[in-house]
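Asks: Read off the chains here:
2 protein chains.
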Amino acid sequence: MPDLARIMLTLRPTHQDTVPAWTGRAAHAWFLQALQHINPALSERLHDMQGVKPMTFSGLQPAPDGELLTLHPARPLWLRITTLHPDLTNITLNGLAPQWEGAAITLHDQPLQVESMALETATYSDLVEAFRHKKLRRYIRFKFITPTFFKSRGLQIPLPSPELVFGSLLQRWQTFSTVGIGIDDFKDFMHQKITIDQHNIHTRKISFARGQRGYTRGFVGEVTFFSQAKEQAYLAAWHTLAAFGAYSSVGAQTSYGLGQIEVI
Amino acid sequence: MPDLARIMLTLRPTHQDTVPAWTGRAAHAWFLQALQHINPALSERLHDMQGVKPMTFSGLQPAPDGELLTLHPARPLWLRITTLHPDLTNITLNGLAPQWEGAAITLHDQPLQVESMALETATYSDLVEAFRHKKLRRYIRFKFITPTFFKSRGLQIPLPSPELVFGSLLQRWQTFSTVGIGIDDFKDFMHQKITIDQHNIHTRKISFARGQRGYTRGFVGEVTFFSQAKEQAYLAAWHTLAAFGAYSSVGAQTSYGLGQIEVI
Chain A
1 MPDLARIMLT LRPTHQDTVP AWTGRAAHAW FLQALQHINP ALSERLHDMQ
51 GVKPMTFSGL QPAPDGELLT LHPARPLWLR ITTLHPDLTN ITLNGLAPQW
101 EGAAITLHDQ PLQVESMALE TATYSDLVEA FRHKKLRRYI RFKFITPTFF
151 KSRGLQIPLP SPELVFGSLL QRWQTFSTVG IGIDDFKDFM HQKITIDQHN
201 IHTRKISFAR GQRGYTRGFV GEVTFFSQAK EQAYLAAWHT LAAFGAYSSV
251 GAQTSYGLGQ IEVI
Chain B
265 MPDLARIMLT LRPTHQDTVP AWTGRAAHAW FLQALQHINP ALSERLHDMQ
315 GVKPMTFSGL QPAPDGELLT LHPARPLWLR ITTLHPDLTN ITLNGLAPQW
365 EGAAITLHDQ PLQVESMALE TATYSDLVEA FRHKKLRRYI RFKFITPTFF
415 KSRGLQIPLP SPELVFGSLL QRWQTFSTVG IGIDDFKDFM HQKITIDQHN
465 IHTRKISFAR GQRGYTRGFV GEVTFFSQAK EQAYLAAWHT LAAFGAYSSV
515 GAQTSYGLGQ IEVI
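So the protein lines, in turn, are chains A and B. Those letters in the first sequence? Residues 1 to 264, by my numbering. Those letters in the second sequence? Residues 265 to 528, by my numbering.
Just so you know, these hints were derived from the structure itself, not from any lab. It is possible that part of the hints are untrue.
What the hints assert, rightly or not - Listed below are the simulated DSSO-like cross-link pairs for lysine-lysine, each with C-alpha atoms no more than 27 Å apart in a straight line: (1) B:Lys494 with A:Lys230; (2) B:Lys415 with A:Lys143; (3) B:Lys398 with B:Lys469; (4) A:Lys143 with B:Lys407; (5) B:Lys469 with A:Lys230; (6) A:Lys135 with A:Lys230; (7) A:Lys53 with A:Lys187; (8) B:Lys407 with A:Lys205; (9) A:Lys205 with A:Lys135; (10) A:Lys193 with B:Lys415; (11) B:Lys469 with B:Lys407; (12) A:Lys205 with B:Lys317; (13) A:Lys187 with B:Lys407; (14) A:Lys151 with B:Lys494; (15) B:Lys398 with A:Lys151; (16) A:Lys205 with B:Lys457; (17) A:Lys143 with B:Lys469.
Please model the entire structure based on the sequences and the hints provided.
Replies: Here is the structure:
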């Protein structure tokens with residue numbers, strides 16, 4: 001039984017229209033509504049939950065730089081849904097995903113045809129085992145696909161500071177996994193040994209509603225992190241967290257589409 | 265008598281040749297050698313000085329992305345020299361700069377013709393007074409012209425974290441100025457109120473010698489900082505430090521060409 005799932009839907013608009021550029025909130029609402037039909041208690045619990053939720057939604061991608069996303073039948077979009085807890089993963093894989101395949105779904109009042117669905121799953125133990133006996137690189141390269149920012153000391157920080165990126169991943173891992181990542185002093189390693197080797201990043205504005213005054217900014221782009229430590233145990237834990245990041249996302253508002261990453 | 269000077273030389277190569285891309289160290293050596301002739305004691309003291317030195321050199325600009333800078337008579341270059349202490353400013357303006365105008369100088373064994381020289385000077389009090397009674401914006405936009413990185417906890421950090429950028433400026437100000445910046449708890453303001461609104465940055469590799477294995481990386485690009493505080497006293501101190509930054513540069517290795525900024 002997998003703990004984690006990552007579902008990639010390819011969606012084709014059925015007519016032409018425009019919606020606000022950032023549809024992460026709409027995807028979140030759509031998912032909870034679908035869940036409502038098969039498990040109302042769980043749907044409500046997730047809705048009311050404070051802090052980091054055990055699921056993420058990319059919103060419709062690629063999202064434009066401007067305020068509006070134009071839907072057009074000639075332009076397919078993708079939506080990534082991830083789940084981080086075994087119970088939610090189970091109900092998503094067995095109760096929800098089978099309904100999506102080949103169906104029409106409605107997001108932000110827009111009918112979209114599901115053209116294809118790709119599925120990856122893992123257990124927390126898988127992610128630990130995968131790196132335990134490998135020869136590991138001292139580099140990890142992330143692509144920040146959707147805007148990412150961190151909250152720290154009440155401020156919004158749109159920078160890939162290693163301790164914020166890997167601190168966010170560690171916190172999520174510890175929230176949702178019953179398996180340890182293999183070392184106890186990961187925080188010290190993170191603070192003392194991980195640096196940035198290269199980056200190419202820029203901020204992007206996000207407002208979830210058209211013409212809304214309130215907005216936030218996150219960064220997108222590529223970042224290569226480097227470990228000054230060579231010890232296998234640290235590198236294994238570090239790569240495990242990075243692989244987990246492709247399910248968990250990093251930073252703030254990950255259940256609304258922000259902080260989606262890929263290890264490249 | 266000014267405390268600070270910023271001298272911009274436009275230089276024309278007299279023949280074609282190649283030199284390592286980062287000539288900040290060569291400019292540093294050239295300056296100390298020129299100073300040696302008129303004040304050997306000061307030249308030696310600056311050479312042996314630990315920590316932040318009271319002068320910066322941009323190196324020949326624009327510097328290329330690769331390892332080598334091609335000198336060509338058809339392509340003028342610029343070199344910025346700044347001084348941060350009244351004694352050094354005085355001797356630079358009255359002893360050195362007059363020798364440069366219209367002369368040929370030698371940098372990294374390359375003869376370069378000084379085509380023009382532009383000069384800006386200020387006192388620390390000028391920089392404080394300039395912002396004391398103005399209506400001030402809550403934004404400050406920097407262009408990081410040469411690669412910039414910070415040292416913190418023994419790590420190299422190529423990110424424009426507000427507390428590193430303005431912390432570096434505050435430290436320099438306090439090292440070289442006998443005038444206060446106007447508020448005592450600037451550090452708290454910096455930690456609690458300054459965020460990044462926008463950025464567009466990427467790292468660039470720097471090696472000071474051709475084919476050398478050791479290298480470092482800094483970021484270049486544009487960053488807009490935002491103050492959540494509106495109080496005039498804080499904004500004035502903040503803008504004062506930013507204006508000072510165009511003389512002092514920020515971060516590590518500023519006497520070798522790194523961390524040169526412009527307020528834009």
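Asks: Could you run down the list of hints and mark each one as holding or not?
Replies: Comparing the hints with the structure gives:
{"no.": "1", "hint": "B:Lys494 with A:Lys230", "result": "47 Å, violated"}
{"no.": "2", "hint": "B:Lys415 with A:Lys143", "result": "25 Å, holds"}
{"no.": "3", "hint": "B:Lys398 with B:Lys469", "result": "40 Å, violated"}
{"no.": "4", "hint": "A:Lys143 with B:Lys407", "result": "25 Å, holds"}
{"no.": "5", "hint": "B:Lys469 with A:Lys230", "result": "23 Å, holds"}
{"no.": "6", "hint": "A:Lys135 with A:Lys230", "result": "11 Å, holds"}
{"no.": "7", "hint": "A:Lys53 with A:Lys187", "result": "22 Å, holds"}
{"no.": "8", "hint": "B:Lys407 with A:Lys205", "result": "20 Å, holds"}
{"no.": "9", "hint": "A:Lys205 with A:Lys135", "result": "39 Å, violated"}
{"no.": "10", "hint": "A:Lys193 with B:Lys415", "result": "13 Å, holds"}
{"no.": "11", "hint": "B:Lys469 with B:Lys407", "result": "18 Å, holds"}
{"no.": "12", "hint": "A:Lys205 with B:Lys317", "result": "39 Å, violated"}
{"no.": "13", "hint": "A:Lys187 with B:Lys407", "result": "33 Å, violated"}
{"no.": "14", "hint": "A:Lys151 with B:Lys494", "result": "21 Å, holds"}
{"no.": "15", "hint": "B:Lys398 with A:Lys151", "result": "32 Å, violated"}
{"no.": "16", "hint": "A:Lys205 with B:Lys457", "result": "20 Å, holds"}
{"no.": "17", "hint": "A:Lys143 with B:Lys469", "result": "20 Å, holds"}
When each numbered hint is compared with the structure, violations occur for hints 1, 3, 9, 12, 13, 15.
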